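Knowing the structure of chain S, use the given hints to seat chain W on it.
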Amino acid sequence: MPVYSQTVMDHFMNPRNVGEIENADGVGEEGNPVCGDMMTFYIKVKDDRLEDVKFKTFGCGAAIAVSSMVSEMAKGKTLDEVMEITPQTVADKLEGLPKNKFHCSNLGAQALHKAIEDYRKKQKKGGK
Amino acid sequence: MTRVYLDNAATTPLLPEVREAMLPYLGEIFGNPSSLHDWGDGAREALDEARARVAGLIGGSPEEIIFTSCGTESNNFAVKGLAMAQPARGKHVVVSAIEHFSVLHSARTLEKWGFQVSEVPVDKYGLVDPAAVKKAIRPDTVLVSVMHANGEIGTIEPVKEIARITRELKIPFHTDAVATAGTIPVDVKELGVDALSLAGSQFYGPKGSGALWVKKGVRIMTLLDGGIQEGGRRGGTENVPAIVGLGKAAELAAARMDARIKQLTPLRDRLIRELPASIDHVIVTGHPRDRLPGNASFCVEFIEGESLLMLLNSRGIAVSSGSACTSRALKASHVLLALGLSHAIAQGSVLFTLGLETAAADIDYVLENMPPIVDRLRQMSPLYAKFTKSGKGGK
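Quick note, the sequences are listed as chains S and W, same order. One gets this note's numbering by counting positions in the first sequence from 1 and adding 87 to each. One gets this note's numbering by counting positions in the second sequence from 1 and adding 18 to each.
Errors might be hidden in some of the hints.
To be verified - Below 27 angstroms or equal to it, Euclidean Cα-Cα: the simulated DSSO-like pairs (lysine-lysine) are:
#: 1; chain 1: S; residue 1: K201; chain 2: S; residue 2: K141
#: 2; chain 1: W; residue 1: K349; chain 2: W; residue 2: K130
#: 3; chain 1: W; residue 1: K153; chain 2: W; residue 2: K178
#: 4; chain 1: W; residue 1: K225; chain 2: W; residue 2: K349
#: 5; chain 1: W; residue 1: K407; chain 2: S; residue 2: K209
#: 6; chain 1: S; residue 1: K164; chain 2: S; residue 2: K133
#: 7; chain 1: W; residue 1: K233; chain 2: W; residue 2: K109
#: 8; chain 1: S; residue 1: K133; chain 2: S; residue 2: K186
#: 9; chain 1: S; residue 1: K131; chain 2: W; residue 2: K404
#: 10; chain 1: W; residue 1: K152; chain 2: W; residue 2: K233
#: 11; chain 1: W; residue 1: K407; chain 2: S; residue 2: K141
#: 12; chain 1: S; residue 1: K133; chain 2: S; residue 2: K162
#: 13; chain 1: S; residue 1: K164; chain 2: S; residue 2: K212
#: 14; chain 1: W; residue 1: K407; chain 2: S; residue 2: K208
#: 15; chain 1: W; residue 1: K153; chain 2: S; residue 2: K201
#: 16; chain 1: W; residue 1: K407; chain 2: S; residue 2: K201
#: 17; chain 1: W; residue 1: K178; chain 2: W; residue 2: K234
#: 18; chain 1: W; residue 1: K153; chain 2: W; residue 2: K130
#: 19; chain 1: W; residue 1: K109; chain 2: W; residue 2: K234
#: 20; chain 1: W; residue 1: K404; chain 2: S; residue 2: K162
#: 21; chain 1: W; residue 1: K404; chain 2: W; residue 2: K349
#: 22; chain 1: S; residue 1: K131; chain 2: S; residue 2: K162
#: 23; chain 1: W; residue 1: K109; chain 2: W; residue 2: K130
#: 24; chain 1: W; residue 1: K404; chain 2: S; residue 2: K208
#: 25; chain 1: W; residue 1: K142; chain 2: W; residue 2: K153
#: 26; chain 1: S; residue 1: K164; chain 2: S; residue 2: K180
#: 27; chain 1: S; residue 1: K164; chain 2: S; residue 2: K208
#: 28; chain 1: W; residue 1: K207; chain 2: W; residue 2: K152
#: 29; chain 1: S; residue 1: K209; chain 2: W; residue 2: K404
#: 30; chain 1: S; residue 1: K186; chain 2: W; residue 2: K207
#: 31; chain 1: W; residue 1: K404; chain 2: S; residue 2: K141
#: 32; chain 1: S; residue 1: K164; chain 2: S; residue 2: K141
#: 33; chain 1: S; residue 1: K211; chain 2: S; residue 2: K133
#: 34; chain 1: W; residue 1: K109; chain 2: W; residue 2: K142
#: 35; chain 1: S; residue 1: K131; chain 2: W; residue 2: K407
#: 36; chain 1: S; residue 1: K133; chain 2: S; residue 2: K201
What the hints assert, rightly or not - Estimated spans, in silico, between C-beta atoms of each pair:
#: 37; chain 1: S; residue 1: G183; chain 2: W; residue 2: K142; range: 52 to 58 angstroms
#: 38; chain 1: S; residue 1: K180; chain 2: W; residue 2: P176; range: 52 to 58 angstroms
#: 39; chain 1: S; residue 1: R207; chain 2: W; residue 2: A378; range: 55 to 61 angstroms
#: 40; chain 1: S; residue 1: T94; chain 2: W; residue 2: A149; range: 54 to 60 angstroms
These aren't lab readings, by the way, just hints derived from the structure by calculation. On a predicted model such as this, the values are computed, not experimentally measured, just so you know. Just so you know, even glycine gets a beta-carbon here, dropped at the ideal spot from N, CA and C.
Chain S extracted, bound-state conformation (with noise of 0.2 angstroms):
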């Protein structure tokens, strides 16, 4: 049996949304290269939603398809909705992730997470 899903392998050879987004609404980073995985996530909000996300990821071929999951799944979404997604929710998206990865390898949701939060604390601050 392969290690992955075939989802997992199809978001690994054709991640959505990779890249960076110039002025992001806000930015969000999670995981190190001592652990082995590393994601930033940058967001673009209108109307309380998430008009677009965009993903760099340094890791192995889960955290690469944690990404593009994630983003797939953020985008369009409202704030609180996106709030929502969990680790778990990711990992059933993407038909199971191995055992030994699914904490490690799936830190996207959190990334997200935090640049929502980036964001928001922007928006308290009364800047844009």
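Coordinates of chain W only, in the frame set by chain S:
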């Protein structure tokens, strides 16, 4: 699709001649070598022949060969068996920091049994300093184990020089020659060691075959108690087909060694020279000169090894990696960290191990396919983005 297998350190394919030699022992010649009738005789003769061939590969005597199930068993047997054989002398062993886990974890088990273990570090090329081994030795040292070469980085260790020290101090010296036996010349007398491990799956023999050579007169404790197979040192009915295959592979390796080395060395050198020339920020790991003929190992900065491995696989290229993400324990290779590399750099580990089937066209194929893959991963990498934005980045 083009298929290029460059993971011969993981395992080599079985040579057709080896398979042919094994087949009768998976069929009509099924007897137990310990049996006294004709059926047993046939199996016993095959065992004797294989023992002579394996001994011939490493310059030992047939009666000094103990057949095992793999390199890991040979190393477990050597480390635990030699350390436990001299309880009156002491409970201290010396190993290098880059030993295979079958040596390091055996040493860890010895610690649970009340032993103390000294780990000798290596330099940035992975070389063990014989003087450091000498310094680590104590009056109660009962075993020194340093590998002949490291399969992950290819570095060949100064085993002969270490043996000079252990011989003078009369301390048993084991070397793990799994990466070298059948690949480069290995002569137990020339090396001056007391015990040596080898495995058939590394030189075109069957998986599940291995041997431990123990010099005559050196005491070793049995790990597998049972009958008096293997001179009473390892119980259990012998895996005759695997042993026959190991013997045949040993015979062929000895006969063809020079030709294999001549074939692999220029291909390896080309990969080591041209890969860093075609991709920026690639570090060659291991020793520049004293290295295994088929080993080309690198760390590619700003990317992670598993994703590189998977993309190379999608182009039909098989390699391995010492990155944390590639290991089931999710830990970066202890060998790469022992060289002083950072976790981030070790994450970009990629290991090419060339073999009999490797041709110049395979190296061309790698050199053509790898740069765009690395570029694709770097375009995705936040570490690379940070690096280029910091102004230090080249193209």
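Outcome of the hint check:
1. S/K201 / S/K141: holds, 14 angstroms
2. W/K349 / W/K130: holds, 23 angstroms
3. W/K153 / W/K178: holds, 17 angstroms
4. W/K225 / W/K349: It holds: about 26 angstroms lies between the C-alpha atoms, which stays within 27 angstroms.
5. W/K407 / S/K209: Holds, because 23 angstroms separates the two Cα atoms, which is no more than 27 angstroms.
6. S/K164 / S/K133: The given pair, whose Cα atoms are some 10 angstroms apart, holds under the 27 angstroms limit.
7. W/K233 / W/K109: Satisfied, since the Cα-Cα distance of roughly 21 angstroms is no more than 27 angstroms.
8. S/K133 / S/K186: Distance of about 37 angstroms is beyond 27 angstroms: violated.
9. S/K131 / W/K404: The given pair, whose Cα atoms are some 21 angstroms apart, holds under the 27 angstroms limit.
10. W/K152 / W/K233: It holds: about 22 angstroms lies between the C-alpha atoms, which stays within 27 angstroms.
11. W/K407 / S/K141: holds, 18 angstroms
12. S/K133 / S/K162: holds, 11 angstroms
13. S/K164 / S/K212: Distance ~24 angstroms between S/K164 and S/K212 Cα, so the pair holds.
14. W/K407 / S/K208: Cα-Cα ~25 angstroms, so holds.
15. W/K153 / S/K201: violated, 52 angstroms
16. W/K407 / S/K201: Holds - the C-alpha atoms of S/K201 and W/K407 are around 22 angstroms apart, at most 27 angstroms.
17. W/K178 / W/K234: Holds, at about 19 angstroms.
18. W/K153 / W/K130: Measuring from Cα to Cα gives roughly 24 angstroms; hence the hint holds.
19. W/K109 / W/K234: Within the cut-off at roughly 23 angstroms; holds.
20. W/K404 / S/K162: holds, 25 angstroms
21. W/K404 / W/K349: Distance ~24 angstroms between W/K404 and W/K349 Cα, so the pair holds.
22. S/K131 / S/K162: This hinted pair holds, its Cα atoms lying about 10 angstroms apart.
23. W/K109 / W/K130: With a Cα-Cα distance of about 11 angstroms, the restraint between W/K109 and W/K130 holds, given a limit of 27 angstroms.
24. W/K404 / S/K208: OK: W/K404 and S/K208 at ~23 angstroms, within 27 angstroms.
25. W/K142 / W/K153: holds, 20 angstroms
26. S/K164 / S/K180: holds, 16 angstroms
27. S/K164 / S/K208: holds, 19 angstroms
28. W/K207 / W/K152: holds, 21 angstroms
29. S/K209 / W/K404: holds, 23 angstroms
30. S/K186 / W/K207: violated, 48 angstroms
31. W/K404 / S/K141: holds, 16 angstroms
32. S/K164 / S/K141: Holds, at about 14 angstroms.
33. S/K211 / S/K133: holds, 16 angstroms
34. W/K109 / W/K142: violated, 30 angstroms
35. S/K131 / W/K407: holds, 21 angstroms
36. S/K133 / S/K201: Holds. S/K133 to S/K201 sits at ~17 angstroms (cutoff 27 angstroms).
37. S/G183 / W/K142: 52 to 58 angstroms: Check failed, 41 angstroms falls outside 52 to 58 angstroms.
38. S/K180 / W/P176: 52 to 58 angstroms: holds, 54 angstroms
39. S/R207 / W/A378: 55 to 61 angstroms: holds, 58 angstroms
40. S/T94 / W/A149: 54 to 60 angstroms: holds, 55 angstroms
When held up to the earlier numbered hints, the structure conflicts with 8, 15, 30, 34, 37 and fits the remainder.
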